[in-house]
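Here is how the chains run, residue by residue.
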Amino acid sequence: MQQSGVLASWAAEAGAFIAWAAAKVCASLPSAVTQAGWRLHAVLLEAGPDRTYTPSARLETSWLGARRRRPLTGQEKTSRAIAVLPRDAQYRRTLSLSRTAARRGRRALELRRDEFSPIPADQSAYAFRAAGSDGDRVGVQIALVRRSDLDRARDAAAASAADWRIAGECDERGDVDFILARSGTSLLRRPVIGWLAVYVALLILLISLAGRFEREVAQADTQRGGWLEQAREIRSLSDRLDRLDTLAEAGVDPVPLPVVMTGLSGLADSLPEDASLERIRLSGGEALIVQTGRLTDGRLERDQTHWPLGGEE
Amino acid sequence: MTLLAETLPARGRSAIAWATILWLVLVFAVPVVLLAANISGALGHVGGAASENALMEERIGERAGALQARLAESGRTDRDLAVFDDPVEAAETFEASAVAVRDALEAAGLQIRADGGLVRTDLADGFLKLSYRLQFSGPVEPALSVLSDPAHASLSVEVFDLRATGEAGSGELNATVEFVRISVTEPADD
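Protein sequences, first through last, are from chains F and G.
Counting along the first sequence from 1, when you hit position 67 you're at 67 in the numbering used here, and nothing is skipped either side.
Counting along the second sequence from 1, when you hit position 90 you're at 90 in the numbering used here, and nothing is skipped either side.
Rather than coming from a laboratory, the hints here were simulated on the basis of the structure.
Please note that a few of the clues may not be correct.
Partner residues aside, some chain G positions facing chain F, computed with beta carbon under 7 Å [unchecked claim]: (1) Leu3; (2) Ile60; (3) Gly61.
The beta-carbon is built from N, C-alpha and C at its ideal position, and this holds for glycine as well.
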């Protein structure tokens, strides 16, 4: 398998681990669940006696990623192909690594390449898989192939599909193993990245919608607060008017000084010319009582008038 | 199986696999579920709040209309509603206004015969009557001029008694004026 940088290596390791975890979980789920939604995953290409690669089967995958191998129907329309190298073109070897070394994966194998590869590195490629553990040792099975054989398979796979892989094994159940090469799909063009992009777009959409609705909620709450405030003001004013009515019923109702003085100013002009003012007093908050005196035939005659504060009586 | 998985303790592999998948599901699903729940809740809230606000607007409109009609019918003004101002501040303002009248009368040449000072009288229903009684004598014109001064327009009276003194037409008076302001005993809640 070719490395395309540290990120790709890390992504491949993470993907493999997640695939392992998913397979482990799926194994404990009911088959009705794990085997639901079969669909075409790839066309398998296998080499005949003349080393020519031809479609030999269809590989199907379920929604949960289970695989199965099925005969070709002739209706296969897919851009994905998996070419399986003949078993006799592979040199298999099982190594025993310490757990510490095994955790380093391919990097640990690269350091021990001389132990399992009789072919120079520039003329070979290899893939590996776990092969059980025993105490502190982890078995690693390696499939080593000549690069010329790999190139032949690659040519055949690339001719039949844009997205291709070269595998060392595909058993009758459809489990593909020893991935020796794959099409140069960049990390960004891999399906998982597409799904991640969809997921991120969905999140952004949801976040923007949530933000919008939160603003609407805040707006509605503000409006409601305004209505409640108005309701409180109305109730308060209504209560005050009730209390003022009670106060008025108790006879406490002072008269504004300007009202009295305005009443007085109109009063002077309406008095008879021969009358003299003796006393003016406020009466009950609604009128002035005006006492006047007039000399008639040498006698003082007194008169009393109610002068309403709203105008002339 | 990956080499990394092979290095895991055999007994815990299944648990680690489940934990990995559950963690992935949670990492990806939880934000979506939370956001969806948030949006769903907000939608419900907005819908409920809109109908509730419409109902409140209608009811408040009705109450406000009724209150306006009642205000117009009662003839109450802001001056009446000033009864509910802060009682401490109201007392201070009232006393200052009454003292200002007294000082103006003195300055106009009238004689202050009695200054009752600020008197507080408790009324029913949480009200308090503040009163300030002045008795003064002197010429009529300056007295009326002071009492008509717009500077004292904020005052109200409960007793207003002017008596002419001396010969008729001499223009002298004895007056008793009691300024009154009604106030609440406790500040209003709002």
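Against the structure, the hints:
1. Leu3: holds, 4 Å
2. Ile60: holds, 5 Å
3. Gly61: Since chain F brings no Cβ nearer than about 9 Å to Gly61/G, farther than 7 Å, the hint is violated.
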